[in-house]
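> For reference, the chains in residue letters:
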Amino acid sequence: MLLSTVIFLPLLGVIAIALLRGLGASAIKGIALVIGILTFVISLGLYTGFNADTATFQYITQESWISDLGISYHIGIDGISLWLVLLTTFLTPICILAAWNSVEKGLSGFMMSLLALETGMLGVFCSLDLFLFFVFWESMLIPMYFLIGIWGGERRIYATVKFVLYTMAGSALMLVGILALYFQNDNSFDLTTLSGTFDHSELLFLAFFIAFAIKVPLFPFHTWLPDAHVEAPTVGSVILAGVLLKMGTYGIIRFCLPLFPDAAEKFTPLIVPLAVIGIIYGALVAMVQPDLKKLVAYSSVSHLGFVVLGLFSKNPAGLQGSVLQMINHGLSTGALFLLVGMIYERRHSRMIVDFGGLSKRMPIFATIFAIATFSSIGLPGLNGFVGEFMILFGSFKEGAFSKVYVVFATAGVILAAVYMLWMFQRVMFGTLDKTNEGLPDLNAREIVVMLPILLFIVWIGVYPKPFLNKMEKSVGLVVTKVQATPAMGQLEKGVPAGTKLALREIQHEKSEKEAEQ
Amino acid sequence: MSKELIVVLLVAPLVGFLINGLFGKWLKGNEKLSGWIGALAVLVSLVCSIIVFTSLNGGAAPLDETLYEWITGESFAFNIGFRVDALTAVMLLVITGVGFLIHVYSIGYMHGDEGYTRYFAYLNLFVFAMLILVLGNNYLMMFVGWEGVGLCSYLLIGFWYDKQSATDAGKKAFIVNRIGDFGFLLGMFTLFAAFGTLDFTSIFDAAKADNFEKVFGASTLIIATLLLFVGAIGKSAQIPLYVWLPDAMEGPTPVSALIHAATMVTAGVYMIARSAVLYDIADTGQVVAWIGVLTAFFAATIALTQNDIKRILAYSTVSQLGYMFVGVGVGAYASGIFHLVTHAFFKGLMFLTAGSVMHAMANELDMRKMGGLKSKMPITHWTFLVGALAIAGFPFLSGFWSKDEILHSAWGSEPLIYGIGLITAFLTAFYMFRLIFVTFYGESRVEPEVASHLHESPAIMWLPLAILAIPSALIGLLLGWGGHDSWFHHFTKSVFPEAHHDASGNVIVFMIISSVVGLLGIAFAWTRYSKQVPSDEPTGTLHRLLANKYYVDEVYNALIVQPVKNGSHFLLWKLVDNGIIDGIVNGVAAIVRFIGGLLRRFQTGVVQAYIVSMVLGIVIFLAYYLFFA
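So the protein sequences, as listed, match chains W and P. By our numbering, the letter at position 306 of the first sequence is numbered 306, and the numbering carries on one by one without gaps. By our numbering, the letter at position 50 of the second sequence is numbered 1050, and the numbering carries on one by one without gaps.
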């Protein structure tokens, strides 16, 4: 019940705003903010009540929905989705507060879209029924479509159409994959009953993977991202980078790896190079962007390359690093987009050449920008380092793929410093242009928007243990499913393919018990 | 010595940073207070360091304890923990001792600066990060400090951020250091892959085990130590990554003294001394020593022709760091660290005196516009002279002892390294006294309006100079008397592996040779520059090559910076991203639209047209069946 409340409370907010929007702008904003904060506070209950000692799903609700077709309302979270749920409920009220004064037309529609989007995203992370998952996955496109299409920049129509069509192309493939699984699973969409190996598992893997790779986005499926970011309103970018992209990496860790381990093994030599190319390529292209938002957008391509690399390292450190890095990227890139939005509201420009010397006029802004920048660069003591380090040493250690890839990926940390610091220098340092002399520093509301993010940036950097603890078992289960150790191979010889996965789960439980003793 | 003491030692500068950083706005009206908060924070650390030192010197066991678990999982554990042994204690004293004096000096030097509180916040943060670096009991914590000092270096080099050259220099420093960090990271990955931990004690014990090669493979340690050395090359400004350090002189001069002479840049030397066990087993010290000696020579030749006093000191620092690497490279770890200590004092001193000169000369750095400062600034002159004599290896001053130990050990390992090191010693004495003669002696060439303000610095600045001059002169004698049997060697004995090659030859002979070479350098400088000012234009090809620093910056720019920039812009962004990938995406859309456009033609809504096509279709089908079926 708790989980359902978290998922649908924002939707209740949508209805409330629809009914009460006659009360005026402040009422609309007030409702949205209260609902956003309330959802976050309630979702904290998910954290405190979460049992970190088990890998199984918790807070499960299962109600039959369309029973003839084997569709049920089946939700629950494990240590992986817990964090993405919290990230979503954390960022949404921040976005509402950030958009406080920036929406000039259709305020109620804007806030409704934002809240509806929250429900959609939470649904994706909590669904344990493939059909339900798909419904949320698609439904989330609609509010995003409005957010970019109505409140976006000049080329918003091109950007929205590109964003929606790119995603739909992937979803179409995924739908085929979901149906194929359905027929192989005794006509049930239930994710938790899916086990064993599937016919055409390689094709199924690809059907899911391409859908998720577009969302991530993995090179070369990334070109929708810069356009969508540049045209989206600030909070659209924050949600897009902060949460939406994670749906891709979440999909990989939830579906591609545990359901199709053999296919994942087979395609690793293809995917890992793409991830590494994405790291280097995204960084290099980010370096030469004249537009701040585009720069941050391309930096996302680079950062998400790290996440995919970690996922395919198929070992606990790499996978935990990846999940942590999903949160980290949501925080630091979210912060960067918010900051770019704040400067855009003041100056109505995002072009780097229009700025320079802002530290002098806006010291608070510059300080917070610097912290977000160094978080993104991966400075130890801030969040980004922990995730990146775990991904890299995890990938290096186990040898799921060649160490050469890790060497190249590590070179990405040099490039991150190059593009971020060069940007920071051009915006913040140097002489102040006459046109920028009147720019005011951050106001109290904007500081309140940024502070919670900064808190977590430092917290995860200094003491990531609470975060790692809760995800450890769930990530461990995925690792066991995907990692066919030689001993396991012996055990599985001559066993019908269908029970392979079940065996691996038994093995995992056994090792958990051993660890306990 | 307890864990709590170490925590206090470590956290005090952090507290200073937080006070100045968060409440700087309110402290602005009272800059003295802000400065003293910064200095006192370091004083607390200094007192703790002295306690640590005395208890270790009194025979207390080294401390190796975990503070808390940082990044942990079932198969990996990285903790925040301390290791305090003799090597740590030496570093602690240098960092907090020199650091405290430089904080005090800064109170006067930064007087009236707009960013006064920000300056002390950064400086405290630096000390905190540097303490993490030397206190860590594992490589990852060392790396945390390593990056932290890099951040502070970036912030302080670009402290005057409206100056383009300053922010360029800060950025360059951070990025070049990151190239080194790339090696450090891979080195850690290699160590972790082999040992499953990054703790010093566990790794060193495992490496020392007899069956090591069987278990881990012979190449593991070779690769790991070389990769770690890449990190040291970046942080300690050795060939080919030294290019950031001369530019780093854009920062306030006390920063150059503390970060870019006494402490941070020596982190690479500390790292290798800390990993002495690994370098010994892997036998990669030769590489370290060669890079070191070549850097020492190369940087010294550049220093010969520069006219900017801070740049001369910067190249001198690069060169002296090279000596330290020779020391740790040939297995004389204690001697390398000994030179680190003496250098911290005399080079820190010289930077501060340079700052004193700048303070008096309205920030002028070109020594051709100075001359005859001796009479106007007697304390600055005398203290600088002490530093210069120390670095030149003047008998019985501190540099004489430490440099001589290194050269002596180098002779036992590889005579060629000794030879190059000796030539470098000559060059060092020459360029340093060229600086002295041109700046402090001869006719005054100071511009009249500057000359009228020329004055000795206030007490808050000259007192630290005077205090630093004492160890610059004497610490070598106190700690180094007796060469390889000296107090310093005894104190650090427990940390380092036994030296392989006994220093051969008579120590006295080496000392005499070194002294003569140093005195010759001074004499040669006297003959050339006691009356004469360096020419404005380089004379001859070699001179031009040196004056332009071998054009290394230009070569890097042409071969790396520009190609990467242009390649990313034109090739990757414009061609691949916008051209090819988006071309395909938009192309697919265009094809769909085109086909849709074609099909639309058939949907005209004109009934006659539909009938015509129906009839045509029937005819074609009939024809097919009649003639082909």
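By construction, these hints were calculated from the structure, which means they are not laboratory data. Hints may contain errors.
[Claimed, not checked] Quick list of simulated restraints, FRET-style, between CB atoms:
{"hint": "1", "chain 1": "W", "residue 1": "S67", "chain 2": "P", "residue 2": "V1607", "range": "24 to 30 Å"}
{"hint": "2", "chain 1": "P", "residue 1": "L1040", "chain 2": "W", "residue 2": "R155", "range": "55 to 61 Å"}
{"hint": "3", "chain 1": "W", "residue 1": "S349", "chain 2": "P", "residue 2": "K1369", "range": "23 to 29 Å"}
{"hint": "4", "chain 1": "P", "residue 1": "Q1608", "chain 2": "W", "residue 2": "M351", "range": "37 to 43 Å"}
{"hint": "5", "chain 1": "W", "residue 1": "T192", "chain 2": "P", "residue 2": "E1069", "range": "28 to 34 Å"}
{"hint": "6", "chain 1": "P", "residue 1": "I1050", "chain 2": "W", "residue 2": "V458", "range": "48 to 54 Å"}
{"hint": "7", "chain 1": "W", "residue 1": "R155", "chain 2": "P", "residue 2": "V1606", "range": "21 to 27 Å"}
{"hint": "8", "chain 1": "W", "residue 1": "D433", "chain 2": "P", "residue 2": "F1570", "range": "26 to 32 Å"}
{"hint": "9", "chain 1": "P", "residue 1": "I1581", "chain 2": "W", "residue 2": "G30", "range": "40 to 46 Å"}
{"hint": "10", "chain 1": "W", "residue 1": "Y145", "chain 2": "P", "residue 2": "F1570", "range": "29 to 35 Å"}
Quick reminder that beta carbons are idealized off the backbone N, C-alpha and C, glycines included.
> Does each hint hold? Answer for all of them.
Structure-based check of each hint:
1. W/S67 with P/V1607: 24 to 30 Å: Hint violated: Cβ distance 49 Å, outside 24 to 30 Å.
2. P/L1040 with W/R155: 55 to 61 Å: 57 Å, holds
3. W/S349 with P/K1369: 23 to 29 Å: 43 Å, violated
4. P/Q1608 with W/M351: 37 to 43 Å: With a Cβ separation near 58 Å, P/Q1608 and W/M351 fall outside 37 to 43 Å, so the hint is violated.
5. W/T192 with P/E1069: 28 to 34 Å: 33 Å, holds
6. P/I1050 with W/V458: 48 to 54 Å: Violated - the Cβ-Cβ distance for P/I1050 and W/V458, about 32 Å, lies outside 48 to 54 Å.
7. W/R155 with P/V1606: 21 to 27 Å: 38 Å, violated
8. W/D433 with P/F1570: 26 to 32 Å: 28 Å, holds
9. P/I1581 with W/G30: 40 to 46 Å: Once the Cβ atoms are compared, 44 Å apart, the range 40 to 46 Å for W/G30 and P/I1581 holds.
10. W/Y145 with P/F1570: 29 to 35 Å: 34 Å, holds
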